[in-house]
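**Q** Chains as they are written, first to last, in the numbering used here: chain L, 365 to 1081; chain U, 608 to 1208.
Read the hints as simulated data drawn from the structure, not as lab findings. On a predicted model such as this, the values are computed, not experimentally measured, just so you know. Among the clues, some could well be false.
[As the list claims (entries may be wrong)] No more than 20 Å apart at the CA atoms, straight line, and that leaves these computed lysine to aspartate or glutamate pairs for EDC-like:
(1) U:Lys1159 / L:Glu907
(2) U:Lys1158 / L:Glu907
(3) L:Lys602 / U:Glu1057
[Stated by the list, open to error] Footprint (simulated), chain U over chain L, 3 or more residues, beta carbon under 8 Å:
(4) 396-404
(5) 632-643
(6) 968-975
(7) 1043-1051
Note that the Cβ used here is the ideal one computed from N, Cα and C, for glycine as well.
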Amino acid sequence: MANHVNQFPDLRRPAGSLPGKLYRRALVDSFLKLNPRTMARNPVMLVVEVGSVLTTFLWLRALLGQGEAPAGFTGAVAAWLWITVLFANFSEALAEGRGKAQAEALRHTRQETPAKKLHRRLDPTSSLGGSRLTQPRNRTDYELVPSTSLHAGDEFLVEAGDVIPADGEVIEGIASVDESAVTGESAPVIRESGGDRSAVTGGTRVLSDWLIVRVTANPGEGFLDRMIGLIEGAKRQKTPNEIALNILLAAFTIIFLVVCITLLPFSIYSVHVVGKGTPISITILVALLVCLIPTTIGGLLSAIGIAGMDRLIQRNVIALSGRAVEAAGDVDVLLLDKTGTITLGNRQAVEFIPLNGTSKSELAEAAQLASLADETPEGRSIVVLAKEKYGLRGRTLTPTPEIPAGMRFIPFTAQTRMSGVDLDHTSIRKGAADAIQKYVQSCGKSIPKDLDSIVEKISHEGGTPLVVARNGEALGAIHLKDIVKGGMKERFARLRKMGIKTVMITGDNPLTAAAIAAEAGVDDFLAQATPETKLALIRKYQEGGRLVAMTGDGTNDAPALAQADVAVAMNTGTQPAREAANMVDLDSNPTKLIEIVEIGKQLLMTRGALTTFSIANDVSKYFAIIPAAFSSTYPALNVLNIMGLATPQSAILSAVIFNALIIVALIPLALRGVPYRPLGAAQLLRDNLLIYGLGGLIAPFIGIKLINLLMVALHLA
Amino acid sequence: MTANTWLQFAVYIGVLVLLVKPLGGYMARVYQGERTFLDPVVKPVERLIYRLAGIDPAVEMNWKAYALAVIIFSVVGVIFLYILLRLQGLLPLNPQGFGAVSPALALNTAVSFVSNTNWQNYGGESTLSYLSQMLGLTVQNFVSAAAGMAILVAFIRALTRQQTANLGNFWVDMTRSTLYILLPLSFVVALILVSQGVVQTFAPYQSVNLLQPSSYQQIKTNANGVPVKDASGNPVMQTVPLTQQTIPLGPAASQIAIKQLGTNGGGFFGTNSAHPFENPTPLSNFVETLSIVLIPAALCYTFGKMVGDTRQGWAILAAMLAIFIFFLIWAAHFEQAGNPALTQLGVNQTPSALQAGGNMEGKEARFGIADSVLWETATTAASNGSVNSMLDAYTPLGGLAALVLMQFGEVVFGGAGSGLYGMLVFVIVAVFVAGLMVGRTPEYLGKKIEIFEMKMAALLILIMPITVLGLTALAVSIPAGTSSVFNPGPHGFSEILYAFTSMTNNNGSAFAGLNSNTSFYNLTGALAMLVGRFWLAIPTLALAGSLARKKKIPAGPGTLPTHRPLFIGWLIGVIVLVGALNFVPALALGPVAEQLIMIVK
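Input sequences plus hints: build the corresponding full structure.
**A** What follows is the structure in structure tokens.
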């Protein structure tokens, strides 16, 4: 049934979209977008389109001999105005194109699949009515229905080879699932009921075993559906900052509209009182208008936004709202889970510290024996350390003369908080200091005085002490150390430069937390964190007016994720965590937050830089167009033609052509984003003002002059 | 430019900057309700006013209530002033027996003074009674300035407070502005002016014999006022002897003090501060010129003090001063350079021991180019509009300085209060774009600039150019507008543009050369003044309301600093690009074309 899904796409490498195809498609789209209803989303470019229609009309009239200006000139202006609109549309289409290709690939996986919907068996005698299942679910009692008919609350069965028909929560079974459709990661993941690995995504495929899943999303509202919508940009909502910027741009457009409209009576009056020349032509007025309104930013604004989302997708992060991407740029406080983010996921034994009267090797041997059956990474690291440091050979669980088969392993439980092994006459326990202390006391033995100091010393160093006891007598402690990931200190320093405070969240005690915090170089930490304290911490920062970002994966993270301004859920996380977050990291890499923040900042910077550039451009355009426009009435104004443009008509055309070409020239910048460097705000402003402000002032003078020279060289002037 | 000019400018700016901190600090205390040295005298009066008016000074207003209070107060002001002007013939203190002011002129004048514009389509000494001047105009000179200052204070509070709807109490802010700031300052300035010879009297106008009697020719009319014509149809001329002169008097000093301090500008006499009874000496001239920008400049410091970071106030003042000084030097340069048309005729216009040089047309000899240009720049930078020289006679580019300073939207000093709140809107626009450039959604003083703020800011920067350009376009398109123009060519265009620029920006400065006492100009002018004042005041208060509701975000290294030279430079750039760029085409057809025609023949 799932045979049509041959290869799941990796989001980072959009399948089947050669650059050439992407461009061709964008080209077609830029014409389709000429539809005024589409253009209405962008008031600046709508004005240009109306101008294009108007000048085209004037050109047709000129061809019929009723022109206000030579047909060739009006026609050229009209053509370049159309090109301006098309260039702007092209930028948007190009930005969307990549997402479209990705969305299409995803859509393949979402094609209708048959679903094995389970029948509910209701207990007719139940006092609770029809809401309770009385019998274990019967895995054979299902009917095949189309996946689109599944609704939230329904239950279905998936077996090896099936495509999971809808998003849901595993309620029974365990299976390996290929989630490359959403993550791009080909290694299968385990999904099982309960705990943090119970969420499955529609469109992914079960590789082995079976699952019974309860549907959590109605048709069309699943994770994949939302992802497709987001990637495609079809449901793209303008973000608050984008709307605010659009308002500013619309205001500029209205002002310049009034400037140009009133220029006609001004010009008629001037011609009347001076008694020579002709009033400014509509063609020139439209050209002036298009040159003055912020077409550069207006044309590229939507591409910048789409490209920002796309840059996230390139990093395998799906933003469930554009607002969150913007907010990411503003983040002041970053909450990071210690385990897995700042430190390697598991602690490692680094030292055995015996009590007085116990030798190191004695302790090491006891520790190794107690850990043989301990499959946790910590347990294995104890075995390895004992072997490497004290030459104790690695032992296995296969019975050998040394280790008789009578070994009985005591597993870790939440109640005892110890694990260990019972031999013939020996019983060894290892566990948290207080747990072992209780155990020792219960055996009627006393606790050696120096144990406390050893435990404390390990805690101070940021380690976790595991105390080992043999036959009720404490032997010493194992120093389990959190290994801080490489390069973290530098990353946090970088964040500090960006003005972002990092806070480490850990369940450790304050002593251990402080030591790791210092080693990792975070600004602050929250020790012995619970869902409540996490939530309280976020609220506290927010009340102080700060924006908080955090990552999480567990269900107990969900309240904090929902409260945080930027919440990134790991894709391996639970459904509640993913629901509460506004971004999902498909790589489940918690340090991704740093990149997300940078992308958010880049997005805002690109908008600001191009707005500045666009407005600064106006100065040169006045110098190009004003002397030309009034040359017949006030020839003296030619003094302002500081660029020395050949003829009035060539001056105006040069400005219009520059205005169109600059959009294309800046498409790569809009798609790539202004590079962000973690510098202080003052320095960033200085750099960007120099490049885009001063550059925006000067560049068009040069550009317009060059275009004009070219026109003269081609005898077009 | 001469050394003397440089020196005068330097002294002026030096004294101004020295006064900013003491006055600004004092005003901050007044608005924060702290004790001042005037409390023993003024506090009882203040309390009495509240008791009589039934105002509870502790009650705060949200932005809508505040705006409503501003509007009600202003509407009542317009109605009262209109009635007063219409009825002045029946009222006392009218020694010259002036009759009622015509309806269109009364409306224009009432709106003009209530909106702090003081555009005058009349000559004070030939139109208004002493009562109208004192009870009507002088009162509005005080309270219109106080209203502007009150709106500013509400706006500043919005930036300092968080998560509240309360902006303060308009009646309290206005009363305190008047009692603690405007009245005491006016009192001091009026006394200085009287000491210099400015008149302050209820005596009727005096007739004196001319030292040198003369005569003039006049068309002879019959009993019905119809010109008598000779046989060939030409009017018959008759010689009229001239032996006496009427010297107008009145309570001028008290009105001039507040006219300057409250960025009003409406002269007691028609020729404003060029009149020797308004502005007799270089010292009175200095004090009056200083008074023009004193309060708007000092309010920058008040702002910094109230938001808890005086650097923010100094930064804004620095931006204002930079633009001011640029145009001061610009105007002085073009005036001192003289008329290019005369230069081409070989006329010597260089300053020497015997002549001031440059363009002295329309300037008082006792002030010269330096003091005239200084006044011109100050009066148009601040939205004052009083004059001590004839702007119409400036070189086109010298006069352009006055025009452009108003076209910035009166934010370089601007009106008392209104200038700074206008400037803060530009700051918000500047912060919005610059904030993006540092990779954060923009914020100013910890307040996020979001959709609503941009809507209001956009509205605020839109209204002025649309009104100015729209009305100018209307005026040049219909005979009612063009028939008032006395000068042909680009100069006439400049005059119309100047009139609407001045009225919309509530400046009131007149270029002259345009007969604006017509129904068309009286009514369109009244409209422009109302729009310029209240269509800006209301969105400003709405903006304040929205800002007050927001949380304040603490500053960090990622926050855009808004007090450094770089930001000041950017702010100036935004004011120039957003404020003045809109007028480039119109300016090209007016003063620029006019000057260039004189140079390029």
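**Q** If a hint holds in the structure, say so; if it does not, say that too.
**A** Quick rundown of the hints versus the structure:
no.: 1; hint: U:Lys1159 / L:Glu907; in the structure: holds, 10 Å
no.: 2; hint: U:Lys1158 / L:Glu907; in the structure: holds, 8 Å
no.: 3; hint: L:Lys602 / U:Glu1057; in the structure: holds, 13 Å
no.: 4; hint: 396-404; in the structure: violated (count 0)
no.: 5; hint: 632-643; in the structure: holds (count 5)
no.: 6; hint: 968-975; in the structure: holds (count 6)
no.: 7; hint: 1043-1051; in the structure: holds (count 6)
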